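Asker: Starting from the structure of chain L, add chain B where the hints point.
Protein chains in written order, with the numbering used here: chain L, -11 to 118; chain B, 884 to 997.
Source of the hints: derived by calculation from the structure; they are not laboratory data.
Note that the structure is predicted; figures quoted are calculated from it, not measured.
Misleading hints may appear alongside valid ones.
Said to hold, decoys possible - Computed cross-link-like contacts, DSBU-like style, restricted to lysine-lysine with a CA-CA straight-line distance of at most 30 Å:
no.: 1; chain 1: B; residue 1: Lys930; chain 2: B; residue 2: Lys961
no.: 2; chain 1: B; residue 1: Lys896; chain 2: B; residue 2: Lys930
no.: 3; chain 1: B; residue 1: Lys961; chain 2: L; residue 2: Lys(-9)
no.: 4; chain 1: B; residue 1: Lys961; chain 2: B; residue 2: Lys896
no.: 5; chain 1: B; residue 1: Lys930; chain 2: L; residue 2: Lys(-9)
To be verified - A few chain L residues that don't get close to chain B, going by computed Cβ distances all over 12 Å:
no.: 6; residue: Arg(-8)
no.: 7; residue: Pro8
no.: 8; residue: Met62
no.: 9; residue: Phe76
no.: 10; residue: Leu92
no.: 11; residue: Leu101
For each residue, glycine too, the CB sits at the ideal point set by N, CA and C.
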Amino acid sequence: MLKRYLARMERVLRRLRIDPQVISDLLREVSSHVQDSGDDPIETFGEPEAYALRRVGVAHSNLRTPWWPRLISMWLWWVAFATVANLFWNPGYSNRLVLWNIILVVGLVSSGLAIWFRNRPVISHKHLES
Amino acid sequence: MAQHLDRRSQWLKGLLDLCVLGTLQHQARYGYEIAQLLTESGLGQVKGGTLYPVLGRLEEAGLVESEWRPGDSGPNRKYYELSQEGRVAFTELGAQWQTFVTSLELLIDGRVPT
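Here chain L stands alone, though its shape is the one from the complex (with noise of 0.2 Å):
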């Protein structure tokens, strides 16, 4: 729990190009902290991510989105939509449990990346240029 928990942190701040000094210092700062409490780092810390952030003096708005699951998930909802349309306007092919399972996965997929993505965003590269 706490290696992982590290590891989603690190990301962040290599991310933010912090001097890997201070990275260090920063994790060994969570572990000493944790290893003493026993406590759970989510329960002490916050989501890793938001930590980091806020640690290093980042400020939320600065996070955002990944864009390519985003990209997947409109592709998909295109993907769902034409399959749909194809259905309908083929008269000879028209198979309504394939087409509810499409829907089904594709609402699936999307969701599982809303959750997924949604703890793991990313910093906007405004912040990251200046």
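Answerer: Structure of chain B alone, referenced to chain L:
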């Protein structure tokens, strides 16, 4: 009860810098020790996610200094101690807080100057 704790936590947020400086006035301490001391002092629980950014800010401002020391049986620990500047700031903040509390007590006791 929850409302009471919320209010206490709001107050503590505004005073955390002073409280943390206060825990360091006699000796160097590590983060978890500071958190425990604040809890034992009756100031409520201060989580690591709140405490360390404050310590970092105080360090950046030059009010505290830190160094890693090997733990006796546990992990290595980062000890914080007041710098000379920190001692001056703590004395000033303490005096300001005393003035504020005195005014507040007058208000609560209904002894407001008319």
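Asker: Taking the hints in turn, state whether each one holds.
Answerer: Each hint tested on the structure:
no.: 1; hint: Lys930/B <-> Lys961/B; in the structure: holds (16 Å)
no.: 2; hint: Lys896/B <-> Lys930/B; in the structure: holds (12 Å)
no.: 3; hint: Lys961/B <-> Lys(-9)/L; in the structure: holds (19 Å)
no.: 4; hint: Lys961/B <-> Lys896/B; in the structure: holds (23 Å)
no.: 5; hint: Lys930/B <-> Lys(-9)/L; in the structure: holds (19 Å)
no.: 6; hint: Arg(-8); in the structure: holds (17 Å)
no.: 7; hint: Pro8; in the structure: holds (16 Å)
no.: 8; hint: Met62; in the structure: holds (35 Å)
no.: 9; hint: Phe76; in the structure: holds (52 Å)
no.: 10; hint: Leu92; in the structure: holds (39 Å)
no.: 11; hint: Leu101; in the structure: holds (27 Å)
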